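**Q** This is what each chain is made of:
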Amino acid sequence: MLSRLVIVSANALKGSSPLGAGLVQVSRCLHASPQSLSPVAPLPEKGGKVRHGIIPEELFQLLYPKTGVTGPYMLGTGLILYMLSKEIYVINHETFAAASIGAVIIYGIKKFGPSVAAFADKLNEDKVAKAQEVKDSAMTSLTQAIEDEKKEQWRVEGRSMLFDAKRNNVAMLLETNYRERIHMVTNEVKKRLDYQVALQDLQRRMAQEHMVNWVEKNVVSSITPQQEKESIAKCITDLKALAKTTQAKVAV
Amino acid sequence: MADRLVPIAEKRLMDVKLGELGSWLGARDFTPNGIISAVRRGHDRYYNKYINVKKGGIGGVAMLLVGYMAMSYLWEYDHIKHDRWRKYH
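Protein chains in written order, with this note's numbering: chain A, 3 to 254; chain C, 273 to 361.
Possibly wrong hints are sitting among the right ones.
[Unchecked claim] Below are the DSSO-like pairs computed for lysine-lysine, each with C-alpha atoms no more than 30 Å apart in a straight line: (1) 124/A <-> 137/A; (2) 113/A <-> 353/C; (3) 327/C <-> 124/A.
Read the hints as simulated data drawn from the structure, not as lab findings. In this text, all values refer to a predicted model and were calculated from it rather than measured experimentally.
With the rest of the complex left out, here is chain A (with noise of 0.2 Å):
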């Protein structure tokens, strides 16, 4: 049960901080190669066995095979009778204070070992906690910094398509500038050549408009008054003869 407040304070020393743990499992193999990175085995459970809190298990079965289960206690009720007859252990006033004092602790880890014990192994648990969070924290971080390097690397996969994209929105714009240039370079054309038909329309029509006033003038300058009476008298007799035709056409 000391063992424990030993541990926690060696903790304690070697810095309260979540490597403490760790280092106190580091000051375990000064004794191995500073060269061997295999991992740290894991502190045993329990210490080795000790029946009545001073004598160790190993006596126990070492005489078990030869004299049983109370083979040492028999040893040891002979040796403290012996030790005791011939005086090699003096009883004096020592041996009172020593058994007072022995009755107090006794009494006193029998009472308050277990919750001594339990509160040790809280404030070891705490540590080792404290630790396991950190490790946690540092695992789930660094898993999602391989997710977030994995939808990086997905997303550089799309980067072609992008561009791919971006070059067909541009081709456009040049195509659609182009074809506006083209267009206006057309309608510019369009209008200058019809300027020009138009131009020479209007010279045709205007020599044409021309032409026949000025034959129509000379005509009509040419036509003497007695050659007009003459039509004049011919149309009238033209006229005559179709009326008796169509007269007659009726009358049948």
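Dock chain C against chain A, hints included.
**A** Positioned in the frame of chain A, the structure of chain C alone reads:
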């Protein structure tokens, strides 16, 4: 399990036979470095077995205290001898 003959000096104490005890003792390293390393090894063994565990008990520290009590009684024995109740045992 006798793969090869291990030289006596490297055997652990429990594997040494009684007849070889003298030569084993003579082959131990008694230089200061050797003594210090032996003490270090012993300390590490005891520490890692009884104290550097997750749920240690009272035994780890209690055994040290009892050993200390025994040692101090032994060193004071010449003085305690005078408190004996009988002269002849």
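**Q** Mind checking the alpha carbons of residue 327/C and residue 124/A for me, to see if they're no more than 30 Å apart?
**A** holds, 11 Å
**Q** Please work out if residue 124/A and residue 137/A have their alpha carbons no farther apart than 30 Å.
**A** Given that 30 Å is the threshold and the Cα spacing comes to 20 Å, the pair holds.
**Q** Check the hint pairing residue 113/A with residue 353/C against an upper bound of 30 Å on the C-alpha distance.
**A** violated, 37 Å
Against the hints set out earlier in the document, a violation occurs for number 2 only.
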